[in-house]
Amino acid sequence: MSDETAVKDKKVRAAVEPTIAKSETRKIEVRHEEPSTEKKTTKVKVDDACAFFGTKQALFSVNMEIAEKEVTAIIGPSGCGKSTLIRCFNRMHETVPTAKFTGDILLDQKSIFAPTMDPVVVRRRIGMVFQKPTPFPTLSIYENVIVGLTLNGVRDKKVLDEKVEWSLRKAALWDEVKDNLQKPGAALSGGQQQRLCIARALAVELEVLLMDEPCSALDPISTSKVEELIHELRQNYTIIIVTHNMQQAARVSQKTAFMLNGKLVEYDATEKVFTNPSNKLTEDYITGRFG
Amino acid sequence: MNPSLDATKDTQIEKPLPFFSQMSQAGFGDKVFQKLTAFFAFLILFLACMTAFTLWHASADSIHKMGWKFLTTSDWDPVQGVFGAIPYVYGTLMSSLLALLIAAPFGIGISLFLTELAPQKLREPVAFLVETLAAIPSVVYGLWGIFLLAPFMREHIDPLLIKYIGGPFFKGPSTGLSLFTAGVILSIMILPTITAISREVFESVPNSYRESAKALGATNWETIQLAVMKPSKVGLLGAIMLALGRALGETMAVTMVIGNRPEVSANLLGASHSMASVIANEFSEAVGDIHVSALAEIGLLLMVITLLLNIAAHLLVWFTTSKFQR
Ligand SMILES: Nc1ncnc2c1ncn2[C@@H]1O[C@H](COP(=O)(O)OP(=O)(O)OP(=O)(O)O)[C@@H](O)[C@H]1O
Ligand SMILES: [Mg+2]
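Just so you know, the protein sequences line up as chains A and B, in that order.
When the letters of the first sequence are read in order and numbered with the numbering used here, they come out as residues 1 to 291.
When the letters of the second sequence are read in order and numbered with the numbering used here, they come out as residues 1 to 326.
Just chain B, same shape as in the assembly (with noise of 0.2 Å):
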C-alpha cells in the first residue's frame, strides 16, 4: 500500500480533535448565518402583518359603520358619510384584467422572438429595450397617456370598436379617458415584467426538447409548442402573476387616464375610477376621519384582494402540476 496514505490515516486516528473543534467552530458561523437570515425573513413577514393590522386599525371606523355594505354597494358619497367600494374594486380588477388580455400575448410573444426565432444580432438589444420600459417613472407614462395616448384612443381607435364591436362594451360617446385606455396604458406598463420574466423561462428550457421535437419532424412553430411552450406553463404563469401584482397596485399612470368616475358599467370607454386612484385623490382632502377610514379600508382591501389572486395562482400551479407529481 502506498506509505502516504497510511500516514494520513494515522494522523485521523490519532488527532481527531482539530478536526471536530474547527467543524464546531464553522457551526457557529453557520447558526449566527442561519439565525441572522431567520431573522431578516422573519421581519418582512412582520412587517407585512403590521401593513395589515395598521390597515385594519386605521379602518375600524369605516368598517364598524358600514360593515359588509362596504363590499356590497357602490355609493360613495364621503359628504353623506356613505361608503360603497364596488366602483372602485372593478375599475381596479377590470382595468388589470385588461392589461393582462393585451400584455400577456404580446410579452410572451416578444420572448419567444427573441429566445427562438430571433438571430443572434438582435436578441441582446431588444430584450434590453424593452426592459427599460420598467424604468420610466409611472408618472411619465400618465402624462404620455394624457397628451398623446387618451387623445389618439378617442380619435382613432375607439370610434373602429364601436363601429365594429360595438355591443355593451364598446359604447360611444368618448372622451379618451376611459377603462380601456387605462388597461392599454398598464398594459404598456407590465409588459416589460412579462418579456422579462418569460424570457428567462424559455431561455431554461433545456436544448436537448428543442433537439428531440425538431428530430421528429416539427416546423419551427411546433417546435415552440411542444418543446418550449408546455414545459414552461409554470413559469409564465409567475411571470402573468406578477405582473397582475404590479398592474393592480400601480396608482398614478392610471388616474391620469382612467376618468375618476366611480362606475360599474360594462361599456369599457366609460369614465372608471380604481381603488389605488381613490386613495391618492381624495386622501389628502378628505372630509372626517370616517372618510379617511374608508380609504384605509381601500387600502386593506386592495392588500386582500392582491393576497387572495396570488394563493388561487399557487392553487392553480399546484393543480396542473400534481398531475405528474405523483
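One chain only, chain A, in its complex shape (with noise of 0.2 Å):
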C-alpha cells in the first residue's frame, strides 16, 4: 500500500468512528481496494464444516475458502457461531469435553483433521488472539511474549532476544515496552496487553492469526492501534477476524462473511457486501435492522 493511500485510511477512519450510531441509515465507508491482478491461493479451506456442543448443532454445513494473506472478517449476531467456526480452525473446539465436529478444514490443502496432523502443530501455525488479552500472570513481558518459543524447546539467549524485539516491533509494542522488559505482562494496560498477546502470537512460526473480537474490551486509540496492526500484519499473515463493530470490518478486512444461526449467509469481497449485499438478510443486519 502506498503512503498515500495509508494517510487516506486514516482519514476516513477518523471520519467514521465519531458519526456510527447517531445517523438513520447506517453509511458504511469501505475502504476502496483495487482489485487485485494475481490470482491468490487458498491458505484455508472450510467443506462442510458442522459442529456441535453436546446434542445442539452450533454451525451448519459451512463452506468457505480464505484467500492467503488477506483479512477475512466474521460478522453476524450474538450466539450465531463465530467464535465456534473460528475456534475450530486452529482446533480448540474439540478441547471443549462435549464438542463435536464434522466436515473439514484444509491448511494448505491439506486436512487439519488428518491423523497425522497433531492439534498442536496446527496450532503453532494457526495463532489465536481472545477477545480478553490473557497474557500469563506469572511471566515477564519478555516470556510472555517467548512463551510459544520456549514451548517448542528453544533456549538459545541470542535467538530469544531477537524474536521478542522482533514480535513486540511486529505487534507495535516495542517502543512502548522495550525498557520494562522483566515487568509482569498483567501490568500493561488493556490495549497493551492486547498486542502483548499479538506478540506472543507471531512470535511462533505462524501463518493465520486468528482474531476473536480483538477490540472488544479495548479503548478507541488502542482500537485504532491493533487495526493498524492488522493492516500491517497483512503483509504476511493470513488474519481472521470476528467483529461485532462493522464499520471495523469495513476498515480492515478485504473479505466480509455474514453468519445467521450457525449458517454462512453471505461471503463476498467486503466492498460489496457493505454496499451492495446479495442476501435481503445480510442487508437488514448491516443497515441495523437487527442483531
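Heads up, a few of these hints could be off.
What the hints assert, rightly or not - In the DSS-like style, the derived pairs of lysine-lysine whose C-alpha atoms are separated by at most 25 Å in a straight line are: (1) B:Lys230 - A:Lys132; (2) B:Lys121 - A:Lys157; (3) B:Lys233 - A:Lys183; (4) A:Lys132 - B:Lys121; (5) A:Lys56 - B:Lys230; (6) A:Lys132 - A:Lys158.
Said to hold, decoys possible - Just a sample of chain B residues kept apart from chain A, beta carbon distances all over 10 Å, derived: (7) Leu148; (8) Pro231; (9) Asn260.
To be clear, the hints were calculated from the coordinates, so they are not data collected in a lab.
All C-beta atoms, glycine included, are put in the ideal place defined by N, C-alpha and C.
Reassemble the complex: the two chains are provided individually, in unrelated frames, and hints are given to aid placement.
Encoded structure:
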C-alpha cells in the first residue's frame, strides 16, 4: 500500500468513528481497494463444516475459502457461531468436552484433522488472539512473548532476544515496553496487553492469525492501534477476525462473511457485502434492522 | 425534561433529613457489627496469648533449671531431672518433613488429575473419597498403622529400601515401628488437606489461561505447567503449610507407630519420638513437678516452632510474589 492511501485511510477512519450510532441509515464506508490482478492462493478451505455442543448444533455446513494474505472479517449477531467457527480452524473447538465436529478444514490443501496432524502443530501454525487479553500472570513481558518458543524447546538466549524485539516491533509495542521487559505482563494497560498477546502469537512460526473480537475490551485509541497493526500484518499473514463492529470489519478486511444462526449467509468482497449485499438478511443486518 | 424526574429531585432537596437519619440508623447497626467482629477477632488473639502465657508459666521451673540446655541437649531422664528436647524436636520435624515429601506430590497430583484430566463424572466422587479421609479419627489411623502398616513396612517396604537405597538413611534391622512409618501414616492423614486446598487453588485459575496456552500449541502437560501450576504457586504453598501444621501437631497415630524412643539418628527405619507424643505419653505419670514443667515447655516449643514455620512461609510467599508487585 502506498503512503498516500495510508494517510487517506486514517482520515477515513477518523471520519467514520464519531458518527456511527447517530445516523438513521447507517452508512458504512469501505476502504476502496484496487482489485488485485494476481489470483490469490487458498490458505484455509472450510468444507461442509458442522459443529456441535452435545446435541446442540452450532454450525450448519459452512463452506468457505480463505485466500492467503488477506483479512477476512466474520460478522453476525451474538450467538450465531462466529467463535465456534474460528475455534474449529485451530482445533480449539475439540477442547470443549462435549464438542463434536464433522466436515473438513484444509490448511494449504491438507486436512488439519488428518491422523498425522497433531492439534499442537496445527495451533502453532494457526495462532489465536482472544477477546480478553490473557498474558500469563506470573510471567514477565519478555517471558510472555517467548512462551510459545520455549514450549518448542528454543533455549538460545540470542535467538530469544532477537525474537522478542522482532515480535514486539511487529505488534507495535516495542517502543512502549523496551525498557521494562522484565515487568509482569499483567501490569500493562488493556490495549498493550492485547498487543502483547498478538506479539506472543507472532513469535512462533505463524501462518494464520485468528482474532476473536480482539478490540471489544479496548478503548478507541488502542482499537485503532490494533487495526493499524492488522493492516501491517496482512503483508505476511492470513488474518481472520471476528468483530461486532461493522465499521471495523469494513476498515480492516478484504473479505467479509456474514453468519446467522450457525449458517454462512453471505461471503464476498467486503466492499460488495457492505454496499451491495446479495442477500436480504445481510442487508437487514448491516443496516441495523436487527442484531 | 421528564416531570417525574423533577419530582424526585424536589423531594430530595426538600427532605434530606429522613435520608440521613436512616443512614445513621444503618450506621449504628454497622458499628455494633464492627465492634462485635472486632471483639471476636480480639478474643482469638487473646486466647492464643493466654495459651502461650499459661504454657510459659507452667514451664517456668524447667526453664529456670535447664535454661538453654533444654534446647541444646538430648538427654531426657525424668528420674535424674535432666531434660533435653532435641530428640523430640528432631522426631517431630523429620516425621512431618517425610510426610510432606510424600503427601505433597501425591496430593497435588491427585488434584491436578481431578481438575484437569479426569472425566467429568469421576471428579466429584473421587474428590469426596479423598476428602473423607480427613474425617477418620487419628486413633483409628494409629490402630491401622499398628496392625497393618507397620508389619507391611517391616516385611515388604523396608527390606527393599535397605537393599536398594541403604546408606545411613535406611539401615536394618527394621521393626516396622519407625520414623519412616510415622511419616507414611502422617502423609496419609494430611493428604486430604493438601488435595482439597490445591483443588480449590487449581479451580480458581481462570479458564482463559488454559485456552491461551493451548492456542499457543502447548500440549496438555505444558498447559498444566504454564497455565495452571505457575499461577498457583502461592496457593499451593498455603496448602502445604496448612498440612504441615496438622502433621506437626498430630499425636495419637504417630505415637502408635513411631516406636517412642528419644533418639537422634539419620536412620529413618529406627524408632524415634515426637513432641506431641512425649507429652501425651508422660503427662499422666510424670515424676515430680519439674517433669510436668518440662513437658509444658515442650508444648510451648511446639507452639513456637509452628509459629516460626508459618512466618517463614509467609516470608517465602512475600519474596516470591514481591517481584510482581512493584
Ligand atoms: N462451550 C459451549 N457449550 C455449549 N454450547 C456452546 C458453547 N459455546 C458456545 N455454545 C453455543 O454455540 C452457539 C454459538 O456460539 P458462539 O460462541 O460461536 O457465538 P458467537 O457468534 O461467537 O457469539 P458472540 O458474538 O456473543 O461471541 C451459541 O448458541 C452458544 O450457546
Ligand atoms: Mg464469540
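Status of each hint after checking the structure:
1. B:Lys230 - A:Lys132: Holds, at roughly 20 Å.
2. B:Lys121 - A:Lys157: Roughly 45 Å between the alpha carbons, so the hint for B:Lys121 and A:Lys157 is violated.
3. B:Lys233 - A:Lys183: holds, 19 Å
4. A:Lys132 - B:Lys121: Outside the cut-off at roughly 30 Å; violated.
5. A:Lys56 - B:Lys230: violated, 35 Å
6. A:Lys132 - A:Lys158: violated, 31 Å
7. Leu148: For B:Leu148, whose nearest Cβ neighbour in chain A is about 39 Å away, the distance exceeds 10 Å, so it holds.
8. Pro231: Per Cβ check, B:Pro231 is inside 10 Å of chain A; nearest 5 Å; violated.
9. Asn260: holds, 45 Å
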